[in-house]
Amino acid sequence: CFIQFSCNKDFLYKTDPTQIKTDDFYKTPAELEQAVNGSYSQLQGIINNQWTFNELPTDNTTIDFNPDDRGQADRIEAFEFYTVNQGSVNIEGLYNSYYSAIFNVNNTLQKMQQSEIPDSVKPAYEGQLKFLRGYYYFNLVQYFGDAVLITEPIPTDNPSLAWDYLRKPVDSVYMQVEKDLKDAAAELSPDPNIGKATKGAALTLLGKMYLTRKQYAEAVSTLKQVLSLGYSLVPSYASIFDPKTENGPESIFEVQYDSKSDKGEWSTFIYTFAPRKSGGAVTRWDQSNPGGWNIPTNDMINTYEAGDKRKAASIGLDYTSPDTHKVVPYIKKYDHPHAIYNRTDDNWPLLRYADVLLMLAEAINEQSGPTTDAYTYLNQVRQRAGLKAVSGLSKDAFREKVLHERRVELAFENWRWFDLKRTKTPEELASFLNAYAAKEKANPTASRQGVPYSSSDYIFQPYEALYPIPNSERLVNDKLTQNEGY
Amino acid sequence: RITGPDNQPVAGVTVMISGTQNGTTSGVDGRYSLNAHAGDSLIFHALGLQTQQVRVGASPEINIQLSSGSKGLNEVVVLGYGSQRRRDVTAAVSTIDVSKLRDVPATNVSRLLEGQAPGITVKQTTGAPGKEMQVRVRGLGSLGAGSTPLYVIDGFAVGNSIGQNLNPADIATITVLKDAVSTAIYGARGSNGVVLITTKQARSGETNLNVTANYGVQNVPDSRRTKVLNGRDFAEFKKEAFMDKIRYFENREPDLSEVPADFRNPEDTKYNTDWMDEILNRNASFQNYNITFSEGKGDVHSLISVGYIDQQGALLNTRYKNYSVRANVEGKVNNFINMGLNLYGAWSKQNTATTEGRSALVGSALLLDPREPVRNEDGSWNDYIGGHDGIFGFTNPVQALEEITRDRQIGDALTTGYLEFSFLRDFKFKTTGNARFIFDSYKQYIPSDIAGENAPPPRDATASDDAHRIMNLSADQLLTYAHDFGEHHLDAMVGFTAQEEMTRGVAGSATTFPDDKTPYLQIGAINSGVSADSGWSMLAYFTRVNYSYKDRYLFTGTFRREGSSRFGELTKWGNFPALSVGWRISDEPFMPKTSWLDDLKLRGSWGVTGNNNIGNYSSLAFMNLNNYVIGDQFVYGRTVSAFANPDLSWETSDQLDIGLDLTVLDNTLTFTGEYYNKITTDMLLPVPLPVVSGFTTMLDNIGKVRNRGFEFGLDYRKRINAVNVWGNFNIAFNQNKVLAMRSENDVIWNGTMYGDFNVSKVGRPIGMIYGFKNLGIFQNQKEIDESPTQDGAIPGVYKYYDANGDGVISYDQTDMVEIGNPWPKFTWGLNLGGSYQNIDLSVLLTGAQDYDVFRQIESSTLNMDGVFNVLEVAKQRWRSEDQPGIYPTTNTWKWERESNSRYVYDASHAWVKNISIGYTLQKSKLKFGSVRLYLSGDNLFLITKYPGNNPDVDNNGGINPGLDDEAYPVPRTFSIGANVTF
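In the order they appear, the protein sequences are chains A and B.
Just so you know, the first sequence maps onto residues 1 to 486 in this note's numbering.
Just so you know, the second sequence maps onto residues 1 to 982 in this note's numbering.
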């Protein structure tokens, strides 16, 4: 090429030899499998930060306050202190991560249809992708209310179409969630292929959606289908979270993490959650510099009934801060020995059988009061925790009991925010959280070391039941509406 | 007989009878013969020497001595793929005479451009040794692609960076092409200007051995250092802050016992560490040695040079060394064939450090707790500074500089070679081959006893090792034709060029080492590797035609058609035409023949150029690895990397230039004035996409930016008896404006509301500094209540302007406004010099006027919540209405850290960049040759109100301009040198 006056046509057509071009992908079942795995991988990214949005604002957890570094004052800490605003970078990250994940689901679904992959293998992939999409929209609608609904990729030759997608009413979003999860339940096999979505996972999530929508009859009938799929409570509550016994009989869907390979699939939850100054005292690795985020509140610690085996399995109370000489509690569910620093094997329990039982108990109670069935489901969970069966409760008392049971059973599994929102109006939620906040403010779980609260801290207003649409997105598309109050 | 400046015969001089095709060439003895009539004019032309014209008289023999130095209008200007006499140039071209800058302690060739020509802005944004400076030609042309010019070394277009290995001592001239007619020949790489660097060749007829030695010391002047609180004052500050909080929040007088023990008794403060002082390397040495041997006699000329640069940085342990060798050979094979070969090899070695930005060493040195010692009493490192009692934890920067290995080594081999055939008298064919091979390696090891931000040691030691090689090959084929038809002159060129660059490398990293003694990847318990492979290619056909009539009417047209691998599949090829005209008014018969007017030329040019500086595969989308675990086993997963754009193409610049060249007073004074209007369209920009598309941006060709302005250059040289004086002043006014974007209301945001926040809006200059407008400090609750709601505001915090008038200061961008303009109204350079007998003097000044810098570091150094050390001036903080001060309260941190106008400073400055004084001992006094001794001071006096070390700082650059978040300080250098010629 350098001495002739003409070159091979290919001379100017270069591609990155270290990567596959998008156009050359989605051609074979193996590539389809990789695309679906990629979507699960994006779920990991979402789960890694989910505690910020689902536990921190609730009465379950707070922060091990860091007076030496105020860098997170308007970021993560804003979720604890109810000072989230539309400029929050964490909200932006949350929003972007969901739509990025939804794009890959939509794109793979479309590319799969266009490919020459045998039709026989498609439903299994389709079901998994729709399960994920259902989960994403279910969360989005709970975080933001009306949500932009998009179920196909924007064509690369017409990106301007992306501006036409605006927020759809909550009901429309839920219709899509229902459709996706129903499709997924129909297309997926009940056989557990560990790590992948199954029929049971789709039905559980669908049941949860019905419960959230207060469609109790549908919730009961859907969740009952899960009972026959062979799941059971394991005797030891702690073992549910132990990587040695992960994906056990109680597990319906876990987000998978593993440290065996060098390619970054490990989790690091305990490094985020361990007390800030605990070094290796919790993580077992001296070079640790833990985050001190998402620590159990006094309120949470005190909510366990005496004799509840779940308390010790869920909360660590064995670490004393060298600065304050006080115990700093931490979440124990994700704290297990691991062979390599900063690489844990802990999975994230997204859906499990105990949740199904508690949802059934709740739905039945709402539908027809505390029936025998309802007590059976609730007490199964209680008895496994070493607690006595309950009986003879009024409908309201039963509701309270189930909700309390959900709080301790599913502690730090990122359900608390949604459970509170689903069972309370925004005004009720505000008075509930303000009451909790007043207690926490008066007697912080972890010492603030003399740093006073800011005047705007811990004031929850009803509008804050919905997160704001990130300002970054509204700057791009000024037709997007904002939630009231922001 | 033709002789050169040294009275030696010159071979190969073209002798033509003006207006005819008759001519000949001189032989080895410098003799020539041809048939001419009395009254004919003979034109003598040889490369590197002045062209002369002699009228034939009665004598049969015309002997002529050609002079060198080729000053003034007959000087040959190097252009893209050719050269032209200065008087015939109709383009906006600045030539830099590097010989005037011989005393400047330059370690990078980009330093030689500083202050030398109008429209070329050179900023030393960091004082890191060897570092290439930021060079811009005629403003910032691009919003999304790079804005650095194309560098061409001896005809080889090496890319958008000179790199750091090219030895400044080897450079003969630098020519900067600014307008379209000169740059369009470089097609899709021309729109940011082109810098043509020509290395030294042997002078015809001379044999020289030249040795230069330069030794200097570098120091950061006290006047350019930021003053922070000392240990005791900081303890006092913390104590008071603590007590003020109780006073404000609990409304009572605190008891001393409530103050944490750490700050209770400031008078007992044990240490007082000036961290900036500790990391500076006082009297850092600078050394530069060069030996050049050149042989210009005979048919083959050769020049061999060896150079060595050794610069210890102004910061500890940041030494830079560069070793280089060069061989330039050029000559005549026979009367038809010429050839040339330039070989250059260099190897540099450098200890680098992370110095740029708040979190790096220089920024953190301002923020560190001054009450902590560098070393403990037992001599061991105090390895974690702060991290307790409400003080941010930092790395010990002295320890980091001493203990962290960051070793960069670059080997650079640069070769160009050509063969030129002359045939049919008027035709020449030149084939050129260029190759550059760079071997770049970087090794880093951070031992386990180095702390992180708020992360005390021991930590996991980390090692990384990166080695890559870049192979850049190009070949040019040029056919040229030149002929005079009577008073018509025509020369034409057609060419073809192909270029390809390939980068390959491996990078590895490792963590978890048993100890810090064997910092190699395989020792780490965990290690991983990456191999890299990338490249680009380019093909182009081009032509240029120059036509002139009577030397008075000048025309140039160029055209290039270029294809690039970087552009989308649907837009592989582009066309880049340009035209220019020139009119030598002074030659017109109607112009009165005045004695003072030597030359007056009016010229205009227009053309289209491109910018392909967007990375190699930007038009493509790939599958990113995004893996998962299924069945307890690792599985591969993939997701889409980007929103592809198969239509992606280069940025197009359309540039009009009108210039005037004036030479008067017997060639002593030259003036050049220039107006230009450059409109860049199809900007390569990451266009924000609604994230429902899956992505927040896609790369697209949108938008329109205009840079227009005036440039003036004035050059004076005169000999008055025994005194030689010369001066050169240049000044450039550039206005930059975004004309269009995706839509009318579209804006490009860069940065975050906590600083480095720039916005580019239609109708405004690129990258305006954006933030809250600061209206002072809230003095009391009443004032807060009466002002727009500023959530969380308490007395003593900054009061901001409610830009949208909705009664609320939103904690986001909605109430932000433009608070600064990072673009100077004008930039200027002034070179003055003179010599008297054996003494010579030269002075270089540069300056920029009316522009702003956002001193972002102050959002940390004036972060009053007490987690960092603060500026000395923070003592004047708000305490109460009675003690209002001028800085905010320590009672909160909200409304103090956001990007706001408080941190914007006018950075207008004038800088005495260099003064040198030389003394020459002539050859007549010394048997072996001549010696020149000199003293030089560099970066001498800075006249500015700007409080930072360097008003040229630009931490981010591009469309995120005007940010000062601290960088490697720029030192002042004093050096002595000797230049010996044998």
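Hints should not be assumed to be uniformly reliable.
[Claimed, not checked] Here are the simulated DSSO-like pairs of lysine-lysine, each with C-alpha atoms no more than 27 Å apart in a straight line: (1) B/443 - A/441; (2) A/14 - B/572; (3) B/572 - A/21; (4) B/239 - A/326; (5) A/441 - B/239; (6) B/761 - A/479; (7) B/123 - A/439; (8) A/263 - B/761; (9) A/326 - B/245.
[What the hints assert, rightly or not] Covered stretches of chain B (in silico footprint by chain A; criterion: 3 or more residues with CB under 8 Å from a CB of chain A, positions within the stretch not fixed): (10) 342 to 352; (11) 611 to 623.
What the hints contain is simulated information worked out from the structure, not anything from laboratory work.
All C-beta atoms, glycine included, are put in the ideal place defined by N, C-alpha and C.
Status of the hints after comparison with the structure:
Restraint check: the Cα-Cα separation between residue 443 of chain B and residue 441 of chain A comes to about 49 Å, which exceeds 27 Å; the hinted pair is violated. For the hint linking residue 14 of chain A to residue 572 of chain B, the alpha-carbon distance of about 11 Å falls within 27 Å, and the restraint holds. About 18 Å separates the Cα atoms of residue 572 of chain B and residue 21 of chain A, which keeps this hinted pair within 27 Å; it holds. For the hint linking residue 239 of chain B to residue 326 of chain A, the alpha-carbon distance of about 25 Å falls within 27 Å, and the restraint holds.
With a C-alpha separation of about 25 Å, the suggested pair residue 441 of chain A and residue 239 of chain B falls inside the 27 Å cut-off, and the hint holds. For the proposed pair residue 761 of chain B and residue 479 of chain A, the alpha carbon gap of about 19 Å is at most 27 Å, so the pair holds. Between residue 123 of chain B and residue 439 of chain A, the direct Cα distance comes to roughly 57 Å. Violation of the 27 Å bound is thereby established for this hinted pair. For a cut-off of 27 Å, the pair hint linking residue 263 of chain A to residue 761 of chain B is broken: about 42 Å separates their Cα positions.
Distance hint between residue 326 of chain A and residue 245 of chain B is fulfilled; the C-alpha atoms sit about 24 Å from each other, no more than 27 Å. Beta-carbon proximity to chain A at under 8 Å applies to 0 residues in the stretch 342 to 352 of chain B; the threshold of 3 is not reached and the given coverage is violated. With a threshold of 8 Å between beta carbons, the proposed coverage of the stretch 611 to 623 of chain B by chain A holds, since 6 of its residues qualify and at least three are required.
When held up to the earlier numbered hints, the structure conflicts with 1, 7, 8 and 10 and fits the remainder.
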